[in-house]
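A.B. asks: First to last, the protein sequences are chains A, B and C.
Using my numbering, the letters of the first sequence correspond one by one to residues 1 to 337.
Using my numbering, the letters of the second sequence correspond one by one to residues 1 to 145.
Using my numbering, the letters of the third sequence correspond one by one to residues 1 to 316.
Hints are computed from structural coordinates only; laboratory data are not their basis.
Note that beta-carbon positions come from the ideal geometry of N, C-alpha and C, so glycine has one too.
Warning: the hint list may mix true and false statements.
Pairs of lysine-lysine, DSSO-like flavour, derived with a Cα cap of 27 angstroms [unchecked claim]: (1) LYS301(A) - LYS316(C); (2) LYS14(C) - LYS30(C); (3) LYS206(A) - LYS17(C); (4) LYS86(B) - LYS14(C); (5) LYS51(A) - LYS6(C); (6) LYS88(C) - LYS265(A); (7) LYS205(C) - LYS138(B); (8) LYS204(A) - LYS6(C); (9) LYS42(A) - LYS40(C); (10) LYS185(C) - LYS204(A); (11) LYS9(B) - LYS316(C); (12) LYS92(B) - LYS134(C); (13) LYS265(A) - LYS138(B); (14) LYS90(C) - LYS130(B); (15) LYS205(C) - LYS51(A); (16) LYS109(C) - LYS51(A); (17) LYS316(C) - LYS232(A); (18) LYS92(B) - LYS205(C); (19) LYS8(A) - LYS174(A); (20) LYS87(A) - LYS134(C); (21) LYS206(A) - LYS6(C); (22) LYS204(A) - LYS232(A); (23) LYS116(B) - LYS261(A); (24) LYS290(A) - LYS67(C); (25) LYS290(A) - LYS126(C); (26) LYS122(C) - LYS116(B); (27) LYS51(A) - LYS17(C); (28) LYS17(C) - LYS232(A); (29) LYS130(B) - LYS17(C); (30) LYS200(C) - LYS86(B); (31) LYS73(A) - LYS130(B); (32) LYS40(C) - LYS290(A); (33) LYS11(C) - LYS30(C); (34) LYS219(A) - LYS40(C); (35) LYS30(C) - LYS17(C); (36) LYS179(C) - LYS92(B).
Footprint (simulated), chain C over chain B, 3 or more residues, beta carbon under 8 angstroms [what the hints assert, rightly or not]: (37) 10 to 24; (38) 28 to 40; (39) 98 to 112.
Now for the letters of each chain:
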Amino acid sequence: MGYKKIKKDQLNTFLSELSKDYTVVLPSRSGGQVVFAPWDGKNTDFLDWYKNTIIPPKALFFPPVEEMFRFRKGEEGYEIEELMPDKRQQIIFGIRPCDARALKIIDMLFADTYKDPYYLRRRENSLLVGLSCNEPCDTCFCASLDISPGQSEDVDILCTDVSDNLLIEAISEKGSNLLSEMSGLSDAGSEEESKAKEMRKSAKEKIARQINLSGLQEKMRSNFENREYWEKASKKCMACGICTYVCPTCHCFDINDENRKKEGKRVRSWDSCKFPLFTRMPMENPRHEKWRRMRQRYHHKFEYYPMNFGTIACTGCGRCIRECPVNVDVTEIIGGI
Amino acid sequence: MEETKWEPKVVGFLCHWCSYAGADLTGSARMEYPHNIRIIRVPCSGRIDPMFILRALQNGLDGVLVSGCHPGDCHYQSGNFHARRKFAVTRKLLEYVGIEPERVQFSWVAASEGPKMAQVVKEFVEGVRKVGPNRLFKDEIKDGE
Amino acid sequence: MENKLKEEARKLLKEGKVDYIVGYGKGTVKFRTSPLITNKEEDIEGLVINPFIANNLSRYPAEIKGKLGIVVKGCDSRSLVSLIQDNKVKRDDIVILGVPCEGVVDIKKLVEQIGADIDQVKEIDKEGDNLIVKMDGSKKTVLFGDVIFDKCFGCEYPTPLEYDILLGSEVSPRVELEKSLKKIKEFEDINAPERWRYWKEQFSKCIRCYACRNVCPACFCERCFVDVNIPQWITTYGSWQDNLVFQLIRTLHVAGRCSDCGECERSCPVGITLRSLQRKMVEEVKGLFNYETGVDKDAPPVFTHYEATDPEEFIK
């Protein structure tokens with residue numbers, strides 16, 4: 001199937017058509033920040049200002065706080081009330097290529113030997129419509145991680161902003177089925193196609209920040225005991241959890257039972273290896289010092305994850321660099337090893 | 001709505017040396033005061049962490065009374081003086097974020113002041129009754145509440 | 001100023017008067033500086049002083065062992081003095097390099113003023129009272145006073161009160177307290193249920209990254225009450241109720257220690273208006289006890305001390 005296109009000021013009708021069968025979630029401004037939120041049915045001005053959200057789209061599948069089930073102590077033992085996510089079909093419109101890749105990366109974990117029903121159900125019920133980046137941020141370094149800001153194989157449908165038009169391309173079968181049902185799209189000409197190609201090329205060239213990955217895992221292994229390096233690298237770190245919570249691939253969580261009298265609930269919430277309390281529940285956090293915790297985070301992303309799943313758990317979205325209160329920069333730290 | 005049947009449920013943190021003894025005296029003198037209050041005895045008003053107040057409200061109690069010895073009477077000499085400073089800012093902050101000031105009351109009641117204790121509790125409970133049930137920490141806040 | 005700093009910092013390291021220099025270095029994000037902590041003379045060249053030095057570095061002395069030469073602005077110096085009052089930092093262990101500060105640029109305000117994305121900005125120069133913002137093929141001039149943090153408007157002590165070396169001439173304070181307290185005053189004008197609803201919305205955004213706590217120099221507890229699990233006061237995950245109670249208690253814990261450096265609000269990744277809470281407490285503590293944070297290193301901290309005449313009209 002070739003490229004389709006729609007006039008940008010017609011996006012409204014396209015989204016309305018999608019809204020019939022799906023909940024459409026797209027970037028919107030709420031409370032002073034950019035978030036993915038259900039579409040209000042009219043506004044499409046995000047095309048003018050949207051770069052990326054601060055809280056990554058992983059939160060749509062793996063929310064910061066999630067009730068897993070409720071329990072109640074009855075006459076004959078415990079009664080369990082399951083709380084699975086509903087089967088509502090949703091479309092994530094405007095996900096960036098880096099974040100789409102990030103979902104592919106954490107899919108490997110959540111669908112590993114243990115299949116996480118909460119995450120997977122939401123994933124199965126979602127369709128990703130990507131939006132390629134024409135103007136990457138100053139903090140982006142996705143190009144070093146084999147991600148093209150303008151292209152993506154990790155979404156179902158990819159949109160590219162070519163001046164007046166949005167070029168629409170089906171990537172997966174799911175996406176192609178959906179597009180074939182849509183009215184109001186016209187076929188794109190070769191002129192638009194070549195324009196999109198140009199855009200993609202120039203977007204990739206605009207990315208100046210790089211991360212040096214050559215021979216990294218080997219280097220990391222031999223640098224592991226280099227306490228001096230990690231102490232220096234972590235000196236300015238404030239040990240807050242921003243980098244882990246804004247990271248599209250960080251996936252650690254904590255599970256707590258919250259009970260009162262005879263009933264309660266089990267809650268899963270995000271957790272961060274940057275906290276001294278991390279893994280304290282089973283016994284003790286073996287990483288008392290800040291530098292050990294920082295080393296853990298980078299080793300997990302750049303050494304253990306590749307070891308377990310064959311891919312680096314970083315997509316170069318640059319959120320951790322941008323949001324860090326003291327500007328700890330992953331590219332500097334990894335590059336310095 | 002069963003609003004008419006609603007009775008305020010409040011907690012009183014009373015210091016062991018003065019106010020708790022004061023409340024005891026109220027009882028032994030057979031003076032009546034609203035039974036809406038549940039009393040928790042603490043060693044000193046200086047022991048009251050603002051967290052106690054907030055957690056009580058968060059857990060759905062309608063009001064919190066904190067009571068200790070009159071200034072100068074503290075068994076530990078200065079506990080209530082320190083508490084007084086702490087309460088002054090606590091009160092300002094709670095009011096600032098939108099918690100009705102009637103819900104949190106501070107008082108000095110001596111061991112000999114049985115009637116005062118009854119009076120304080122009575123007035124406090126009436127004040128709480130006026131502002132109504134505490135729905136602050138409920139997930140939905142209805143209009144006009 | 002920058003050259004004097006480098007010179008002094010080099011001298012301090014060379015003469016062995018300090019083990020580390022804690023200052024500002026060039027950041028890797030546009031127009032942001034980053035803390036530079038070093039014991040090597042060759043790194044000193046990287047020190048900068050510019051209108052973007054937002055971080056409050058006084059968090060570090062309690063954390064880093066050894067003697068420190070530390071660069072502070074007016075507000076930061078008061079945080080530091082407050083830590084000295086609380087016996088968390090020994091005055092003899094630090095050499096204070098004071099920066100007289102005219103205000104720090106709030107990038108968010110700047111972006112609003114120029115109406116363009118920060119990524120498009122190539123260069124920013126300060127010329128007198130103006131900032132010249134150079135973008136691709138265009139140039140914009142904004143008034144410096146329009147793009148500084150709200151806290152800076154009301155700053156009564158722009159020149160550090162406590163220092164060993166002052167890196168420039170004293171700056172006279174801006175007397176725009178009204179502008180600084182504008183948000184708070186506006187907030188007080190709305191009714192109580194609306195105020196509560198406002199905070200409910202704000203704290204529904206909170207993701208409990210604890211940046212507000214971890215960047216705050218006044219948050220020096222070895223184990224924070226939210227990290228205490230027996231008894232567990234606050235759940236480890238965030239419901240808006242718990243988030244709000246956490247922040248209210250934190251606000252009370254740092255009341256009288258907060259110098260209104262604004263780091264909590266600046267760091268918050270989800271944009272909760274935390275300064276409205278902290279600054280309110282600064283006003284209250286001043287009004288009730290006539291106490292200002294960190295202006296006198298020999299004064300007892302406000303809540304470890306009392307007067308027989310303290311206000312108590314609210315107590316029955």
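A.B. asks: Can you list which hints this structure breaks, lowest number first?
C.D. replies: 1, 2, 3, 4, 5, 6, 8, 9, 10, 12, 14, 17, 20, 21, 22, 23, 25, 26, 27, 29, 31, 33, 35, 37 and 38
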